[in-house]
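Let's have the full structure, built from the sequences with the hints guiding it.
Chains as they are written, first to last, in this note's numbering: chain S, 1 to 191; chain C, 1 to 191; chain U, 1 to 277.
What the hints contain is simulated information worked out from the structure, not anything from laboratory work.
All C-beta atoms in this analysis are idealised placements derived from N, C-alpha and C, irrespective of residue type, glycine included.
Accuracy of the hints is not assured; some may be wrong.
[As the list claims (entries may be wrong)] A short, non-exhaustive set of chain C residues, derived as facing chain U with CB atoms under 8 Å: (1) VAL5; (2) MET6; (3) PHE30; (4) VAL56; (5) GLN68; (6) LEU93; (7) ILE98; (8) VAL116; (9) TYR156; (10) ILE169.
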Amino acid sequence: MSEPVMENILEAVLLAAGEPLSVDQLQVVFGDDPPPRRTVEQALERLSAQLTGRGVELQRVASGYRLQVPGRYAGWVSRLWDEKPARYSRAVLETLAIIAYRQPITRAEIEEVRGVTLSSNIMRTLQERGWVRVAGHRDAPGRPAVFATTRDFLDYFNLSSLSELPTLIEIGEPGPDHPELDLPIPNQGPA
Amino acid sequence: MSEPVMENILEAVLLAAGEPLSVDQLQVVFGDDPPPRRTVEQALERLSAQLTGRGVELQRVASGYRLQVPGRYAGWVSRLWDEKPARYSRAVLETLAIIAYRQPITRAEIEEVRGVTLSSNIMRTLQERGWVRVAGHRDAPGRPAVFATTRDFLDYFNLSSLSELPTLIEIGEPGPDHPELDLPIPNQGPA
Amino acid sequence: MTDAGTEELLDPSVVATVQGEPFSELPRDLYIPPDALEVFLEAFEGPLDLLLYLIRRQNLDILDIPIAEITRQYMQYVDIMKDLRLELAAEYLVMAAMLAEIKSRMLLPRPPAAESDEDPDPRAELVRRLREYEQFKAAGEQLDALPRVARDVFPGRAATAGLRPARRLPAVDLDELLSAFSEVLGRAAMYSHHQIRREALSVRERMSETLERLEGDRFMALDELLRPEEGRAGVVVTFLAILELLKAALVELVQAEPFAPLYLRSGDLMPGVGRDE
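In structure tokens form, the structure reads like this:
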């Protein structure tokens, strides 16, 4: 194997370091007779050009140069650090269920059904997940927001419409008041 | 910028990880609809070819694939750090070799081969480094612990499996005592 | 003499370091300064190592050891170790006894059937152990020569500043949702007189849908909201949904004059609507 060229030595050193290195520090790795700054800088430029389109790029930062993963790989890289999927608390699931079955519904109404105050964390969790949205405001004192589930919610649960939500009949809830309204609706209207 | 190709995604992910990743782990970064193993392996082969002559190489080790700075850059890279890499005494290396080739093995058996009592320092060093672990207990009087090497041991010594260990040198006469260790090693992956 | 400590700075090619001077070869004779000798002797990993050294030093065949000569040399070293008060491990004495035993058996006249397996060469066991030890001594050196992380190869790592870990979102099963709902209903029944009736979901859904359609549009005609292609049931559902929305004060119904088209607008667009929350 022939002697590595300077840009590859710099690539090796920067990847081994895993942190920014100044030109001074880069000169040090060449031992007692280091190349001039300008030579190192020119090699860094060649390295940067070589890396175009690759999974790593040369970035100049305050403390020197570093090799970093370009931002466009964030989506893949971030999955590396996935934690074990958390679970939603009982409160989140209940709130989601109430919104799903009783939408559109205000916060106060959710609280009434659950019998406890609804923490804003819960609503934030559900809205950040994209399953619940503010569908409008009730024309009542304080103009409270009303919440509804989203299309993403249906997609996640593989439902084509809310009427496909499992019914509570099996678990003893009284039957529907308007049985005729449970007729299957052909063609699900506007998306 | 167009969508990155798979080999560059793998490069980004491996460099972000800074440690070996298995094909399973690599598949995960592609999300809910991961490419098949074979596709990932083929992309790894393309990546490995791309890196020829560069300051980084793809190496297959026991826990997966690792991007690493090749040994020919060690001279430059080692000047980065004041601290010299740890060196190990002959006693440590011999003990490690005996465990590696003869595992699972008891302490008494190691002592028999070396002809000396095994100091607890040595076993502690090997276990603290994560190279050796207690793999079980022999069903014999006293139920002595049997020792084996770990995946970290293989990773650390740049090996993907025990079969890549150097063949034991035969002393004096031909004919290995342990022919199973002399099996020809098929070329391991793209590294 | 026991196994030395853990991470000594031992270069395999350097047998010993005496007063800062590395020695890569043991001396050919025993007339060496006592302090240096001590270091050399310390460098042996045990009696097998010492024996191997003696055999190799004289280019002897490991398979045909002149046991008398080796025993004599071995005992010389052991005596020096004693004189130097080196911590002489019992293993050295055990080996001395073994050598003496082999020597005495070698001196005995061999029975006629000496070639049979019944009476192997008394040196056979020693030879086996020496060969095995030498094998692993070499294996230790080979292991040391393998490219090693942090010494020869270095894991490559690139910075990931700005790349955030994705949070993996919790998975929810539809059954979980149903059971959460039934539980909350059960609980509600216990402490509330509130009558919870099951309402036709299709009306609820249509309420949400209708609100969605009204979003952004200032007004929407009632006819636009009713979709004849859905059939009678569909139209009824939408109509009921609109009535429910009106009842819940979520939409406003506007009519410019009697018999003029009915328009609906979302509560969001009604005067005085603040921002969310």
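Hint check:
| no. | hint | in the structure |
| --- | --- | --- |
| 1 | VAL5 | violated, 18 Å |
| 2 | MET6 | violated, 18 Å |
| 3 | PHE30 | violated, 13 Å |
| 4 | VAL56 | holds, 5 Å |
| 5 | GLN68 | holds, 5 Å |
| 6 | LEU93 | holds, 4 Å |
| 7 | ILE98 | holds, 5 Å |
| 8 | VAL116 | holds, 3 Å |
| 9 | TYR156 | holds, 5 Å |
| 10 | ILE169 | holds, 5 Å |
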